[in-house]
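Each protein sequence line maps, in turn, to chains A and B. Mapping of the first sequence onto the working numbering: residues 1447 to 1960, in sequence order. Mapping of the second sequence onto the working numbering: residues 821 to 899, in sequence order.
Note that these hints are calculated values from the structure, not bench results. Just to be clear, a hint being listed does not mean it is correct.
Straight-line alpha carbon distances no greater than 20 Å define the calculated EDC-like cross-link-like pairs of lysine to aspartate or glutamate that follow [stated by the list, open to error]:
#1 A/K1901 / B/E834
#2 A/K1569 / B/E848
#3 A/K1465 / A/E1699
#4 A/K1653 / A/E1755
#5 B/K833 / A/E1698
#6 B/K828 / A/E1699
#7 B/K838 / A/E1699
#8 B/K873 / A/E1698
One-sided excerpt, in silico: chain B residues whose CB lies under 10 Å from chain A [to be verified]:
#9 K828
#10 E832
#11 T835
#12 K838
#13 D853
#14 I858
#15 P879
#16 N883
We treat Cβ as the ideally placed atom computed from N, Cα and C, and that holds for glycine.
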Amino acid sequence: MAKLIQEYFTDSATKFPDKAAVYVWHEEKSRIPEYKSRTFSDLEGYSNQIARYLKSKGVQRNDRVALMFMKIMSVDAIATILAILKCDAIYVPVNHSLPAERVAKILKDANVKLLVCMNYSAKALITYEPLSDFNFIEMNKNFEHRQEIDLESKASLEYKNKSDATAYIMYTSGSTGDPKGVEISHANIINATDWAVKEFGITSEDKMSQHPPFNFDLSTFDLYCAFKSGATLYPVPDNLSLFPGELIRFIEENELTIWNSVPSVMVYIWNSGLVKKGIMPSVKKIFFNGEGFPTKFLAEWMKTYPEKEFINMYGPTETTVQCSFYRIPAVPTDLTKLVPIGKATGGMEIFAVDDELYVGGKGVGKGYWNNLEKTQASFISDPRPGKTGIVYKTGDLVRLRDDGNYEFIGRKDNQVKIHGNRIELGDVDSSMYALPYVKKVAVVDIDDPDSGGKKLVAFTDTDESASPSQIKEDLAKKLPRYMIPEEIVEMHLPETSTGKVDRNQLRAYYGNKK
Amino acid sequence: MEIKNKIKEYLEKETQRKIESETENLIEAGVLDSFSMIKLIAYIESELKIPVKMEDLSPDNFNSIVSISKTIESHGKKR
Chain A
1447 MAKLIQEYFT DSATKFPDKA AVYVWHEEKS RIPEYKSRTF SDLEGYSNQI ARYLKSKGVQ
1507 RNDRVALMFM KIMSVDAIAT ILAILKCDAI YVPVNHSLPA ERVAKILKDA NVKLLVCMNY
1567 SAKALITYEP LSDFNFIEMN KNFEHRQEID LESKASLEYK NKSDATAYIM YTSGSTGDPK
1627 GVEISHANII NATDWAVKEF GITSEDKMSQ HPPFNFDLST FDLYCAFKSG ATLYPVPDNL
1687 SLFPGELIRF IEENELTIWN SVPSVMVYIW NSGLVKKGIM PSVKKIFFNG EGFPTKFLAE
1747 WMKTYPEKEF INMYGPTETT VQCSFYRIPA VPTDLTKLVP IGKATGGMEI FAVDDELYVG
1807 GKGVGKGYWN NLEKTQASFI SDPRPGKTGI VYKTGDLVRL RDDGNYEFIG RKDNQVKIHG
1867 NRIELGDVDS SMYALPYVKK VAVVDIDDPD SGGKKLVAFT DTDESASPSQ IKEDLAKKLP
1927 RYMIPEEIVE MHLPETSTGK VDRNQLRAYY GNKK
Chain B
821 MEIKNKIKEY LEKETQRKIE SETENLIEAG VLDSFSMIKL IAYIESELKI PVKMEDLSPD
881 NFNSIVSISK TIESHGKKR
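Start from the sequences, fold in the hints, and give me the full structure.
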């Protein structure tokens, strides 16, 4: 039994040394990857080399090491994750498309020692003054660091960590404009992975998609289920989900058996009209997570593929990928509500207090990195009589059905999901208030009929000098792309009797305008 | 007006973003995302009256004003 998550990989490298661990499909002619595939034993040796190199650069137990890669360099990204863990250190995945200001906030908050990345990112980040002295390790072929890495020994390393050690810190949107880091331990991930591999019968024969970016905890499912079972991972090239024809070709050519992504991608593919009976025959199981799947679209998918299994997974980052799941037994008939989030996964417990979902069990994370106040507000002692342990308050409102499955009803606060990404409206508000010409602003989530999901609309009162395109350009320097409002509406903002901006009135106003 | 200019004008208006040049990678610039992509294709089909073959679009042939125009012009001819 693995005690540390890198041991999953080492065990598979012993059992399946010559099997491909990662397969990189190159759709972009302009960016041919260095490797097409790497075997388990190759990657095991390569990650040992990187680990030795990181140690030579001063990385010690419990240090934070960040990584930033495009999908085309997934072999290096995955070897780097393993290497960081093999140093008994903590990995902090950062998205390569984030603006430098946001990257700097994360690196500073986690007190990151090194950033392992593509040369392309290092070149861009170093021009941002606060990062000009930062330590980057550039992993591109023929770069100095890589040549040094190639000289290191491939032999295995010894670990000091125990299962309760932190494995990664993933940053999510925080309500006051600063991202907050969720700390997840090896034991948390082992609980989630051991359950999923067994429950869904994942084996070394499986070919799994690897679609979500590494900074999104859906990737934890792909990575560790594949490492444990010996399945092969197929990183989905960046931006491929914008092109349904190419995406379907990717799934078909590689004969993927397991697909895991956010529902909005599946709605988008559906809308292309290319999803038909008979295509993607290899896919057996479709997992979705991160947001509700608009039922109208889910029903269409299920009618087209009665032979495939559709599984709704639910869980905030704080409880490690998933804390509940629901195998959808038949095409849903009530299109007006979401399919249930289901029942607790192995080792987990879910229950409602005043309609809010609380989560307990082995997947509950360690809290927010370096933020006792926020940790204590959401990670609390189990309130049920006679129970001990820490439970996480999700902020999600739920209803318990007669059959024991929970249904998601809505949020208690101003958190919204766009394409599965968690966004605090206050985070966007504060970035907009930081723009000198914004006098007043309220960001609102609006239903988007095309995607069946939501979109962000910002209502602002600005000096005449700023055009919507200017505002978007300035925001792109501060926020991840998915947090930039789709639409900027300039107007005088309505206020409630207490002087607050009335978001409900804005939603109604927008609805009438269209 | 040329197709190129029509597409640029439409995308700039719809996304409230400025397109720096006809060869700028619109995906990397954040102009083309799943919201604007759906709208753009609907616009090309209904306003420019050119049928779009979704299955033929890829990050290589549909990433800038120039490449988008070229691709849809070839779709129009095949009809």
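Do the hints match the structure? See the list:
no., hint, in the structure
1, A/K1901 / B/E834, "holds (14 Å)"
2, A/K1569 / B/E848, "holds (16 Å)"
3, A/K1465 / A/E1699, "holds (18 Å)"
4, A/K1653 / A/E1755, "holds (15 Å)"
5, B/K833 / A/E1698, "violated (37 Å)"
6, B/K828 / A/E1699, "violated (34 Å)"
7, B/K838 / A/E1699, "violated (37 Å)"
8, B/K873 / A/E1698, "holds (19 Å)"
9, K828, "violated (13 Å)"
10, E832, "holds (7 Å)"
11, T835, "holds (8 Å)"
12, K838, "holds (5 Å)"
13, D853, "holds (7 Å)"
14, I858, "holds (5 Å)"
15, P879, "holds (5 Å)"
16, N883, "holds (8 Å)"
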